[in-house]
Every structure is written in C-alpha cells, then in structure tokens.
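Please arrange chain V on chain E, whose structure you already have, making use of the hints.
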Amino acid sequence: MIAPTIRADSLRVGQAIPPLERTVSLVRMIAYAGATWDWHRLHYDPGYTAARNLPGPIADGQMFGAVLAEALLDWLGPRAFIRKLSFRLRGMVFPDDTVRCEGEVTAIDAEKDHDVVTVAMRMRVGDRIVVEPASARIALPR
Amino acid sequence: MGDDNPLYVDDAYAREAGYPSVIAPPTFVCETNQYAHREPNEDGYIGQSWELPITGCRMVRGGHDYEFFRPVLPADRISVTWRLEDISEHHSGRGGSLLIVVVAATFTDQHGEILARNRETLIFQPLEASR
Numbered sequence: 066m067i068a069p070t071i072r073a074d075s076l077r078v079g080q081a082i083p084p085l086e087r088t089v090s091l092v093r094m095i096a097y098a099g100a101t102w103d104w105h106r107l108h109y110d111p112g113y114t115a116a117r118n119l120p121g122p123i124a125d126g127q128m129f130g131a132v133l134a135e136a137l138l139d140w141l142g143p144r145a146f147i148r149k150l151s152f153r154l155r156g157m158v159f160p161d162d163t164v165r166c167e168g169e170v171t172a173i174d175a176e177k178d179h180d181v182v183t184v185a186m187r188m189r190v191g192d193r194i195v196v197e198p199a200s201a202r203i204a205l206p207r
Numbered sequence: 114m115g116d117d118n119p120l121y122v123d124d125a126y127a128r129e130a131g132y133p134s135v136i137a138p139p140t141f142v143c144e145t146n147q148y149a150h151r152e153p154n155e156d157g158y159i160g161q162s163w164e165l166p167i168t169g170c171r172m173v174r175g176g177h178d179y180e181f182f183r184p185v186l187p188a189d190r191i192s193v194t195w196r197l198e199d200i201s202e203h204h205s206g207r208g209g210s211l212l213i214v215v216v217a218a219t220f221t222d223q224h225g226e227i228l229a230r231n232r233e234t235l236i237f238q239p240l241e242a243s244r
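Protein chains in written order, with our numbering: chain E, 66 to 207; chain V, 114 to 244.
The hints are simulated quantities; they were obtained by calculation from the structure and are not laboratory data.
These figures come from a predicted structure and were not determined experimentally.
Ideal placement from N, C-alpha and C gives every residue a C-beta, glycine not left out.
Treat the hints loosely; a few may be bogus.
Quick look at which bits of chain V chain E covers, simulated, 3 or more residues with Cβ under 8 Å [to be verified]:
| hint | region |
| --- | --- |
| 1 | 129 to 136 |
| 2 | 143 to 151 |
| 3 | 191 to 203 |
| 4 | 217 to 226 |
Next up, chain E with everything else stripped away, as it sits in the complex (with noise of 0.2 Å):
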C-alpha cells in the first residue's frame, strides 16, 4: 500500500507544513560527505576547523535542499513532484544542532494536467534563521 498524495483541493493558502527536524551529527556529516563526493575537510575535521577559528565541522549547505524536500514529500506523497527548489543560506550549523524546517502554502495554481502549490519556507536551529528565504513549487495529480 502507497501513501495517498494530497490533492489541491484539500490545501488552502496560509496552511503550515508540517514541520521536519533533524539532528545534524558528525557521523551524518562524514556520511552526507562520502555519498556527495565531497570530501573538503571543512565539512568533518574538527583540527581542521579549530585551526580557523570555527567552534567545529560546519555542515555543507547543500544537505538542506535535501532536508526541505523532504519536509515536502513526507507531506505531499509519492506522486507530488517538485518542479522548483530555491533557498539561501544564512548561518553555519555544525555537529548535534537540530535544524528545524517549517513553512507554509503561498499559492495554489491550476494547470492543464496539474494543480501547483507553492511554499515559502525556512530552516532554523533553535531561534537563529539558517535557510531564509526559501520556496518551492510543486505539482500534484488532480
């Protein structure tokens, strides 16, 4: 049995997404580095860091997109399908923050085949802003 994907019909302008949390440990951040090739010591030395002044490994940035996409999916379903994925990034998370990731529907479109929503969303660990802003637009199944 599949996971039911939302229908458009069922969403209104304003409604939260629900939010995703994830704990960002070094283990995640060797792991993350090993399957995307990158392997700056920036990303996992905490010598390296502590040699430039940072208080340890900072997480790439590149992990968030991820992280928001799945705060999209795990809510939209297995048929939702993201066309558009933009964020920039604001501050440095490093090993144990637990980044928050939360939003909310912007606007919701209907085309030809499809419905699109679009979110506007943010990351943040604790009360200090990581991702800001950030947005995405998704096509759902009618």
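Same frame as chain E, now just chain V:
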C-alpha cells in the same frame, strides 16, 4: 540525512506509485560532486574551483536555485555541463567588499533530454573581514 522515503529504495513501492523503478531523491544528482576523478587537494577537496584567480578569500555557499524536469532513474546516464554565469563585486556597509560568483549546472539524460538545473551562488569574503 535519514530520509526513509520508500520511493528511493523499494522498487515495488515505486512502481505502485506510477514510476518505472525506484527514483533518486530530487536534489541528489545536484548535490553529488561530478569531479570524482581528481586527487584531493590539501583541504581534502576534489571538486573544481573554476580556476578563478581569487586569493586571500574564504568561499561560502550563498544558496541554490534548483529546477527539476522529471525523476532521475537508476537506468539514466547523466551528462553535466557547468557554466560560469556571473561574477560581480558587492560593497558592504562596513567598507569591505564581497565577490559574488554565480555558476549553473545543467543535467541531461542519455537522450539529451533535460533532467535538472542547479544555479548556485558562491560568496568570496576577504579573510581579514571575516574575523
């Protein structure tokens, strides 16, 4: 990052949802380094750095604009073309300046059809000003 969506690992599930097979997470092809044949430099980095003559700066990632045209499948053979789109200098209020570099990658499949586009903004900050 702990995404447990069965579309990425369970072939039967993905087919039931209407796909020809499992699919790749949407941003995955864009996030993965495409210069994996190179030797790591002293920072461990193996990606390309555009050979820009920029010294005394720290590079930080400003953001991404992704566009996706269809789900990427394990059967796809992907070609990537990078373009340097823009370089501009921005003066900050405190008298310093930043160099903003915009680069874009286009991902196409084995038939030359577009899969995805990734436009990314890189910010070069002077090392002195970043302390």
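Status of each hint after checking the structure:
Proximity of the region 129 to 136 of chain V to chain E, defined as three or more residues with a beta carbon under 8 Å from a beta carbon of that chain, is established by the 3 residues found. Counting residues of the region 143 to 151 of chain V whose C-beta lies closer than 8 Å to any C-beta of chain E gives 5; at least three are required, and the coverage claim holds. Residues of the region 191 to 203 of chain V lying with their CB closer than 8 Å to a CB of chain E number 0, which falls below the three-residue condition for coverage. By the rule of at least three residues with a Cβ nearer than 8 Å to a Cβ of chain E, the coverage given for the region 217 to 226 of chain V is violated, with 0 such residues.
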